[in-house]
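A.B. asks: In case you want the letters, here they are:
Protein chains: 2
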Amino acid sequence: MNIRIVLAYDGQAYVGWQRQSNGISVQEKLEEVLSRIAEKKVQVEGASRTDTGVHALGMTASFRWDRVRPSGSELHRAVNALLPGDIRVTSLAKAPLKFHARFSAKRKLYRYRILCHPTGDAFRRLYTWHVSSPLNLFAMRKAARSFVGKMDFSSVAANPGYDRTTMVRTIFRCAVLRKPNDEIHIEVEGDGFLYKMVRTIVGTLVDVGKGKRDAESISTMLNSRDRRLAGKTAPAQGLYLVHVKYH
Amino acid sequence: MNIRIVLAYDGQAYVGWQRQSNGISVQEKLEEVLSRIAEKKVQVEGASRTDTGVHALGMTASFRWDRVRPSGSELHRAVNALLPGDIRVTSLAKAPLKFHARFSAKRKLYRYRILCHPTGDAFRRLYTWHVSSPLNLFAMRKAARSFVGKMDFSSVAANPGYDRTTMVRTIFRCAVLRKPNDEIHIEVEGDGFLYKMVRTIVGTLVDVGKGKRDAESISTMLNSRDRRLAGKTAPAQGLYLVHVKYH
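Chains as they are written, first to last, in my numbering: chain A, 1 to 247; chain B, 1 to 247.
So here's chain A without its partners, still in its complex pose (with noise of 0.2 angstroms):
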């Protein structure tokens, strides 16, 4: 039997979903949970690589499952009440033979939260990037729109050797979106993303909302296919991979 589960983790007490030598992932907690129910080794797929700290309100995950019981919903409480609670399943059913998480996915999309404020709020600073200055969302609108289509993302992707094959990606979408409590979002669409490639859209972006840095240098700056034309690299902790779409 395949299992389709959809997670949502905080992501400040983990290296990622993957597992690293370095420290615990979301995969590895998982894996544990599985296998312990099972009593065998369990292995899960993830749609997606999320970097250290970063957090994730729709992760989506396949694994096989071969036990009669616990299956459905007792699977689901039962994975519930053994993983700590910044890792909950929100939706586990059983999926076709031949989905998987990663290979199936075909759209990811992600939010960035920036909370614009002078001084910052006690409860969101490890949810959010605190920006204390004023941010210009018009240049901000204007310069997301040139990250929009099918192309090679060189300029705002880290460490290239991560992905040994090709930087073309497309995105579909990125928009700035003023919200509620002083919060900007930034949601980016894609069928896949670089290696920290959405926070350092990101931090471009908020380069070009402090007048920094022009709305037009955006094109040029991808035209380069050079990292250091780029703005910072975000904070992982205002950033969610929101869901992943399979059609």
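Rather than coming from a laboratory, the hints here were simulated on the basis of the structure. All C-beta atoms, glycine included, are put in the ideal place defined by N, C-alpha and C. Be aware that one or more of the hints could be misleading.
[To be verified] Below are the DSBU-like pairs computed for lysine-lysine, each with C-alpha atoms no more than 35 angstroms apart in a straight line:
| hint | chain 1 | residue 1 | chain 2 | residue 2 |
| --- | --- | --- | --- | --- |
| 1 | A | Lys179 | A | Lys142 |
| 2 | A | Lys29 | B | Lys179 |
| 3 | A | Lys179 | A | Lys150 |
| 4 | B | Lys29 | B | Lys232 |
| 5 | B | Lys40 | B | Lys150 |
| 6 | A | Lys210 | A | Lys142 |
| 7 | B | Lys232 | A | Lys29 |
| 8 | A | Lys94 | B | Lys29 |
| 9 | A | Lys150 | A | Lys245 |
| 10 | A | Lys179 | B | Lys232 |
| 11 | B | Lys232 | B | Lys212 |
| 12 | B | Lys212 | B | Lys142 |
| 13 | A | Lys29 | A | Lys98 |
| 14 | A | Lys106 | A | Lys142 |
| 15 | B | Lys142 | B | Lys106 |
| 16 | A | Lys232 | B | Lys94 |
| 17 | B | Lys94 | B | Lys40 |
| 18 | A | Lys98 | A | Lys142 |
| 19 | B | Lys150 | B | Lys179 |
| 20 | B | Lys106 | B | Lys40 |
| 21 | B | Lys179 | A | Lys179 |
| 22 | B | Lys142 | B | Lys41 |
| 23 | B | Lys106 | B | Lys245 |
| 24 | A | Lys106 | A | Lys245 |
| 25 | B | Lys94 | B | Lys106 |
| 26 | A | Lys29 | A | Lys210 |
| 27 | A | Lys179 | B | Lys94 |
| 28 | A | Lys94 | A | Lys245 |
| 29 | A | Lys94 | B | Lys179 |
| 30 | B | Lys150 | A | Lys210 |
| 31 | B | Lys245 | B | Lys210 |
| 32 | A | Lys179 | B | Lys245 |
| 33 | B | Lys179 | A | Lys245 |
| 34 | A | Lys210 | B | Lys94 |
| 35 | B | Lys210 | A | Lys29 |
| 36 | B | Lys29 | B | Lys98 |
| 37 | A | Lys150 | A | Lys210 |
[What the hints assert, rightly or not] A few chain A residues that don't get close to chain B, going by computed Cβ distances all over 10 angstroms:
| hint | residue |
| --- | --- |
| 38 | Arg19 |
| 39 | Ser35 |
| 40 | Ile37 |
The hints should help you fit chain B onto chain A, whose structure is shown.
C.D. replies: Chain B alone, transformed into the frame defined by chain A:
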């Protein structure tokens, strides 16, 4: 010059407002910062003690300030720049000389956030009390009315030695509110509170909501002045000092 400030803080890293020998308090952090700016010892009076791990949205404090500069908005900015991100001063203003954050306080409003959901939420576990079973709000509201009035609250106070004078307090309002995203808030407004009183009221109301005790049992419990008849103390991370009223 007498200064009145309002603070918000995430209580998870602190032993509460008041200086303690067993850990770092919010008062200590604030006095450190003010003393550093004043280049001499500054003592701060807070409106209320908050317990270890309890949060504040609107703690009020007062202190004497005899420096010409920085003062006003300059001082406000300097304090926030030096305080850690989990403590924020939300307002700072000159107050009449006779104003004292504790002695002038007339009413305090506390809010308790319950997350009533089968599996909980990865992002709210540090800021709510997760209750996984459904709660009967009708019964809780009926029970809540019994806490309103001027009476001896010994049966919902931990460690009665904490307050050596009287266990009589006046509760003006005790409301059970259904909120978005599966939250239930319990708001309690009073002229003062005994040690762990709000959290014991909440623990008792949740027992009523679960059907473990009758709404009618509250009056008997209060009349008994016996702490053993009340419910368990609700955990600290759901409690917020919302604001302190001075008139």
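A.B. asks: Give a verdict on every hint.
C.D. replies: Status of each hint after checking the structure:
Between lysine 179 of chain A and lysine 142 of chain A the alpha-carbon distance is near 18 angstroms, which keeps this suggested pair within the 35 angstroms criterion. The suggested pairing of lysine 29 of chain A with lysine 179 of chain B holds, with an alpha-carbon distance near 32 angstroms, which does not exceed 35 angstroms. Taken as a hint, the lysine 179 of chain A and lysine 150 of chain A pair is honoured in the structure, with Cα atoms around 28 angstroms apart against an allowance of 35 angstroms. Only pairs whose Cα atoms come within 35 angstroms are accepted, and lysine 29 of chain B paired with lysine 232 of chain B is accepted, the gap being roughly 31 angstroms.
Distance restraint check for lysine 40 of chain B and lysine 150 of chain B: the Cα-Cα separation of roughly 43 angstroms exceeds the 35 angstroms cut-off, and the hinted pair is therefore not satisfied. As the CA atoms of lysine 210 of chain A and lysine 142 of chain A are separated by approximately 14 angstroms, the hinted pair is consistent with the 35 angstroms bound. For the hint pairing lysine 232 of chain B with lysine 29 of chain A, the CA-to-CA distance comes to about 32 angstroms; that is within 35 angstroms, so the pair holds. A distance of roughly 52 angstroms separates the Cα atoms of lysine 94 of chain A and lysine 29 of chain B; the hinted pair therefore is violated under the 35 angstroms criterion.
Among the hinted pairs, lysine 150 of chain A with lysine 245 of chain A is consistent with the structure: their alpha-carbon atoms are about 18 angstroms apart, no more than 35 angstroms. Taking the CA atoms of lysine 179 of chain A and lysine 232 of chain B, the gap is near 39 angstroms; set against the 35 angstroms cutoff, the hint is violated. Distance hint between lysine 232 of chain B and lysine 212 of chain B is fulfilled; the C-alpha atoms sit about 12 angstroms from each other, no more than 35 angstroms. A hinted pair counts as satisfied when its Cα atoms are at most 35 angstroms apart, and lysine 212 of chain B with lysine 142 of chain B qualifies at roughly 15 angstroms.
Simply put, lysine 29 of chain A and lysine 98 of chain A have alpha-carbon atoms about 25 angstroms apart, close enough for the 35 angstroms limit, and the pair holds. Only pairs whose Cα atoms come within 35 angstroms are accepted, and lysine 106 of chain A paired with lysine 142 of chain A is accepted, the gap being roughly 26 angstroms. For the proposed pair lysine 142 of chain B and lysine 106 of chain B, the alpha carbon gap of about 26 angstroms is at most 35 angstroms, so the pair holds. A hinted pair counts as satisfied when its Cα atoms are at most 35 angstroms apart, and lysine 232 of chain A with lysine 94 of chain B does not qualify at roughly 41 angstroms.
Simply put, lysine 94 of chain B and lysine 40 of chain B have alpha-carbon atoms about 20 angstroms apart, close enough for the 35 angstroms limit, and the pair holds. Distance restraint check for lysine 98 of chain A and lysine 142 of chain A: the Cα-Cα separation of roughly 41 angstroms exceeds the 35 angstroms cut-off, and the hinted pair is therefore not satisfied. Between the alpha carbons of lysine 150 of chain B and lysine 179 of chain B the distance comes to roughly 28 angstroms, so the proposed pair stays at or under 35 angstroms and holds. The suggested pairing of lysine 106 of chain B with lysine 40 of chain B holds, with an alpha-carbon distance near 31 angstroms, which does not exceed 35 angstroms.
A distance of roughly 20 angstroms separates the Cα atoms of lysine 179 of chain B and lysine 179 of chain A; the hinted pair therefore holds under the 35 angstroms criterion. Proposed proximity of lysine 142 of chain B and lysine 41 of chain B is contradicted: the alpha carbons are some 50 angstroms apart, above 35 angstroms. Annotation: proposed proximity of lysine 106 of chain B to lysine 245 of chain B holds, straight-line Cα distance about 6 angstroms (limit 35 angstroms). A C-alpha spacing of about 6 angstroms is found between lysine 106 of chain A and lysine 245 of chain A, which places the hinted pair at or below 35 angstroms, so the restraint holds.
Proposed proximity of lysine 94 of chain B and lysine 106 of chain B is supported: the alpha carbons are some 19 angstroms apart, at most 35 angstroms. The hinted pair formed by lysine 29 of chain A and lysine 210 of chain A fails the criterion: a straight-line CA distance of about 40 angstroms is larger than 35 angstroms. A C-alpha spacing of about 33 angstroms is found between lysine 179 of chain A and lysine 94 of chain B, which places the hinted pair at or below 35 angstroms, so the restraint holds. Our distance criterion of 35 angstroms between C-alpha atoms is met by lysine 94 of chain A and lysine 245 of chain A, whose separation comes to about 17 angstroms.
A threshold of 35 angstroms between alpha carbons decides the hint, and for lysine 94 of chain A with lysine 179 of chain B the separation of about 33 angstroms falls inside it, so the pair holds. Under the criterion of a C-alpha separation no larger than 35 angstroms, the hint pairing lysine 150 of chain B with lysine 210 of chain A is inconsistent with the structure, at around 55 angstroms. Between lysine 245 of chain B and lysine 210 of chain B the alpha-carbon distance is near 33 angstroms, which keeps this suggested pair within the 35 angstroms criterion. Of the supplied pair hints, the one linking lysine 179 of chain A and lysine 245 of chain B holds, its CA atoms being roughly 30 angstroms apart against a limit of 35 angstroms.
Restraint check: the Cα-Cα separation between lysine 179 of chain B and lysine 245 of chain A comes to about 30 angstroms, which is no more than 35 angstroms; the hinted pair holds. Distance restraint check for lysine 210 of chain A and lysine 94 of chain B: the Cα-Cα separation of roughly 33 angstroms lies within the 35 angstroms cut-off, and the hinted pair is therefore satisfied. Proximity of lysine 210 of chain B to lysine 29 of chain A is assessed by CA-CA distance (about 32 angstroms); at most 35 angstroms being required, the pair is judged to hold. A distance of roughly 25 angstroms separates the Cα atoms of lysine 29 of chain B and lysine 98 of chain B; the hinted pair therefore holds under the 35 angstroms criterion.
Between lysine 150 of chain A and lysine 210 of chain A the alpha-carbon distance is near 27 angstroms, which keeps this suggested pair within the 35 angstroms criterion. Every CB of chain B lies more than 10 angstroms from the CB of arginine 19 of chain A, the least distance being 20 angstroms, so the non-interface label holds. No Cβ of chain B approaches the Cβ of serine 35 of chain A within 10 angstroms, the least distance being about 21 angstroms, so the stated non-interface status holds. With a closest Cβ-Cβ approach of about 16 angstroms to chain B, isoleucine 37 of chain A is found to remain outside the 10 angstroms limit, as its non-interface label requires.
Comparing the model with each numbered hint stated earlier shows that hints 5, 8, 10, 16, 18, 22, 26, 30 do not hold.
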